Amino acid sequence: MALLELQGLTKQFGGLVAVDHVDFDVNEGEILGLIGPNGAGKTTIFNMITGIYPPTEGKIYFRGERIAHPPLTWRQRFSTPVWWVSWLPLPSVKRRWDEVRTLRPHEITERGIARTFQTIRLFKNLTALENVMAGLHHRTHAGVWGAVARPPSQKQEETFIVAEAEKYLAFMGLTDYRDELAKNLPYGHQRRLEIARALAAEPSLLVLDEPAAGLNEQETLELMATIRQIRDSGITILLIEHDMKVVMGICERIVVLDYGKKIAEGTPEEVQNNPRVIEAYLGEEEV
Amino acid sequence: MQFLQQLINGVTIGAFYALVALGYTMVYGVLKLINFAHGDLFMWGAYLGLTGLNVILAAIARTTPWAILPTVIMVMATVALVGVLVERVAYRPLRTAGRLAPVISALGVAFILESLARNIYGASWKTYPAGITPGGGLVLSGGVRVGVMQIIVLAVSFLLMAGLYLFVHRTRIGTAMRAVSLDHNVSRLMGIDVDRIIMVVFLIGPGLGGVAGMIVALYYGSFDFTLGWVFGLKAFIAAILGGIGNIPGAMVGGMLLGIIETLGAGYISPQWKDVIAYVILILILIFRPTGLLGERVAEKL
Amino acid sequence: MMTALRERLRTIRPLWWQLGLLGLALLLPLPMGDYYRSVLWRTALYIILGLSLNVIVGYAGLFQLGHAAFYALGAYTTALLNLHWGIPILLTFPISILVAAFFGYLITRPILHLRGDYLCIVTIAFGEVVRLALVNNIFGITGGANGLSGIARPVLFGFAIREPIYHYYMVLLFLVFTIFAVRRLENSRLGRAWMYVREDEVAAEAMGIDTTRVKLLAFVIGSGWAGLAGSLYAAKITVVSPDQAKFLESVVMFCIVVLGGTGSIPGVFVGTLGMVTLPELSRALKEWRDAWLGLAMVTMMIARPEGLWPSRRIRMEIRAAQEEALAAPASGD
Chain Z
761 MALLELQGLT
771 KQFGGLVAVD
781 HVDFDVNEGE
791 ILGLIGPNGA
801 GKTTIFNMIT
811 GIYPPTEGKI
821 YFRGERIAHP
831 PLTWRQRFST
841 PVWWVSWLPL
851 PSVKRRWDEV
861 RTLRPHEITE
871 RGIARTFQTI
881 RLFKNLTALE
891 NVMAGLHHRT
901 HAGVWGAVAR
911 PPSQKQEETF
921 IVAEAEKYLA
931 FMGLTDYRDE
941 LAKNLPYGHQ
951 RRLEIARALA
961 AEPSLLVLDE
971 PAAGLNEQET
981 LELMATIRQI
991 RDSGITILLI
1001 EHDMKVVMGI
1011 CERIVVLDYG
1021 KKIAEGTPEE
1031 VQNNPRVIEA
1041 YLGEEEV
Chain L
64 MQFLQQLING
74 VTIGAFYALV
84 ALGYTMVYGV
94 LKLINFAHGD
104 LFMWGAYLGL
114 TGLNVILAAI
124 ARTTPWAILP
134 TVIMVMATVA
144 LVGVLVERVA
154 YRPLRTAGRL
164 APVISALGVA
174 FILESLARNI
184 YGASWKTYPA
194 GITPGGGLVL
204 SGGVRVGVMQ
214 IIVLAVSFLL
224 MAGLYLFVHR
234 TRIGTAMRAV
244 SLDHNVSRLM
254 GIDVDRIIMV
264 VFLIGPGLGG
274 VAGMIVALYY
284 GSFDFTLGWV
294 FGLKAFIAAI
304 LGGIGNIPGA
314 MVGGMLLGII
324 ETLGAGYISP
334 QWKDVIAYVI
344 LILILIFRPT
354 GLLGERVAEK
364 L
Chain H
792 MMTALRERLR
802 TIRPLWWQLG
812 LLGLALLLPL
822 PMGDYYRSVL
832 WRTALYIILG
842 LSLNVIVGYA
852 GLFQLGHAAF
862 YALGAYTTAL
872 LNLHWGIPIL
882 LTFPISILVA
892 AFFGYLITRP
902 ILHLRGDYLC
912 IVTIAFGEVV
922 RLALVNNIFG
932 ITGGANGLSG
942 IARPVLFGFA
952 IREPIYHYYM
962 VLLFLVFTIF
972 AVRRLENSRL
982 GRAWMYVRED
992 EVAAEAMGID
1002 TTRVKLLAFV
1012 IGSGWAGLAG
1022 SLYAAKITVV
1032 SPDQAKFLES
1042 VVMFCIVVLG
1052 GTGSIPGVFV
1062 GTLGMVTLPE
1072 LSRALKEWRD
1082 AWLGLAMVTM
1092 MIARPEGLWP
1102 SRRIRMEIRA
1112 AQEEALAAPA
1122 SGD
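Protein chains in written order, with my numbering: chain Z, 761 to 1047; chain L, 64 to 364; chain H, 792 to 1124.
So that you can see chain Z by itself, here it is in the shape it has in the complex (with noise of 0.2 Å):
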């Protein structure tokens, strides 16, 4: 069983079909890139997985569970027994009832899926740590006795925080801008910041929307180590990258996209000299 499995997965806005029946697994461990020229549907993908919207029709699969489906109409709102009793506080109907219905995002976030944004989407008027501590919101439970009481556990957890947001933070060299205002850092930190931030969510996916975006030939290449070494940590990762320089020299498997269509996939050699993927895309780019 694959890590992440896209089933038939299609994605309709109005009268355009953005994502066209895509079917493809990511395995547990490996670096999977998703290419494809602009407007071919990628980030919409990630989209879905995430949780954003649903799709139009297919599904998504994580360990086995599936959390991404259409949505329900309102007749099978009303055919489906478990829809009556949703609000019942008992496991066994949440756990029925989770099957059936749309996943919010932080509910996939807590599954174990963690992203980053095409447009950096940092808390820009927050510290650099304050950005990565927010990963670790779902990782803690302090409400609001824990918030005006201030018991030990609660205590315990906010030093917890913190330092794990400090390890993340010197995990991706940002330690020396831990107070720094994340809208004041350089853009290539930015990006970094939030990787920091997916990573403190400790994801078992990452899925990363192209992280090298903007970044210069020395980023370039630190962001590619740093990406094998999250991979080598144990986190499964998936990203859409329009440098093909990244994808080819990190992504172990790739799948290419054109028009909300899957044209391609297999290692960066088969993909590379694959004609339909030359001519829809890599004839422009160097590689």
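These are computed hints drawn from the structure, not numbers from a lab. Just so it is clear, the structure is predicted and the values come from calculations on it, not from any experiment. Every residue, glycine too, gets a C-beta built ideally from N, C-alpha and C. Please note that the accuracy of each hint is not assured.
Simulated coverage check for chain H against chain L, where a stretch passes if three residues somewhere in it have a Cβ under 8 Å from a Cβ of chain L [claimed, not checked]:
1) 903-914
2) 917-923
Estimated spans, in silico, between C-beta atoms of each pair [unchecked claim]:
3) H:Ala1116 to Z:Thr900: 31 to 41 Å
4) H:Leu1072 to L:Ile183: 16 to 26 Å
5) H:Arg799 to Z:Glu790: 37 to 47 Å
6) Z:Glu940 to L:Gly226: 44 to 54 Å
7) H:Met793 to L:Asn248: 16 to 26 Å
8) H:Met793 to Z:Asp936: 25 to 35 Å
9) Z:Glu817 to H:Thr1003: 47 to 57 Å
10) H:Arg799 to L:Asn248: 41 to 51 Å
Starting from the known structure of chain Z, arrange chains L and H on it as the hints suggest.
This is chains L and H only, laid out in the frame that chain Z set:
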């Protein structure tokens, strides 16, 4: 038959709501701002109409409906100018200030206008000069009464609305207005003076609102300073109901709200009349924020 | 000038500040007559209300213009429990918090997904519905437009709290606790979650934060606390009326938070002084109260939208948003 009577009354009130709702919807269309002050401009129309009528009637020492026409024109012009003033002073500096600041500013203007009215005119009920409006009316089959005033009011309202519709869809300025409501920057690139168009919108919207205020006061005969708040909110709900930013929507929404409200007051209870309007607003915003005729406006995050 | 003053003030250790203010607060009513003591009481009460709304507007960033409804609900809860079942006033306090919080949950659950200015309108509508329900004597218990009267005095160890000065001290006690609780909330996992949601809701959700729950918590906490303030009001005035849920009240509270300084505790103090205390002290202002409110709103938005004493963070956010908007000129959207 009581139903028909209620229907006619509802349509009359609906026409009032529609006139005022047009002001809200036009301003929202070009500025994406909810002009909370609009209801108070409407109220000022009623007060200014009173003053105007009293002055004219005193001057000519007779009571005649003919005094109404010049007063209406005066009221329309004055309220329109106030509207433009408000836009210049309280809204224009905040065009780039996000969504919250203009709303607060609009509320502030509303409070200022209301306070001015209350302090200048006093908090008591004001009545329009008696005998200035034609009484009587038709009696249709089944005992349904349609007052002459109702007919006049409905006719005037429909004329104004039709006029506005033609203006927006058949004239150059109207087309420019529609362009500005879609995109300021592109309109500028097309050579449209956006500030000028916005000024026109604030002339027409408040102008119509002011006239509506005077018409409502004439119709009911008396009013006080809470007129602006209650009526304004209802008209606003009508605009949202029809789809804010959408001119036919405001008309439809106004009519619909007037009818639903009057029927509700008649068949359920007059006390809960206002609540009906609010509940409609809440339901619409939760389930269909685009309104009945509108395009997507209130998107989910 | 404000900034320079603030920077100087910041260098003084906070503990001295707090003790100093507390001492001042304790001593202030002593030389005063009952009228001014009531003004003090009112000020402290509205600071509590401002702080409760600050959680919703300042921390979670949600525009709530119907806050007075929960204030009224809390007051009515105390009134009803006391008048119908003879429950001692002080015991009604936790119940009215729960009632107000419960209604806060009910009312906001369906509207959380709405965009800013639309959320604003719905809260106004809900506030009015509550007020009208109270006026129309819903379920026959709310006493109509005149409200309910004859509420008993709170009794603590046999001592009935009757005079304004003792009510003031009681409210002061709750105020101190409120400030304490609010600051702790600010610097906690929940407080941070609110910050993240305010900064970028989509990113926050992607990082595993249940944004709906977090926003709901802000509403429930803020609303429940407003209910407490309502009970405190009922305890002193012994009369509750639907006017407590008037839109004007909600606007005053909202202005206290936004004009005083969004997101900051000193800001709420400043806002209350301007919006509540000043009009109480000046007869002229009282008559033109609405105009004063309106003028303050318009000028503040134009001159200083972040308020007089905003939290540093909010000030940054607002200035940053302004710069962005100026760089990319506003479209008609």
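What hints, given by number in increasing order, does this structure fail?
5, 6, 7 and 9
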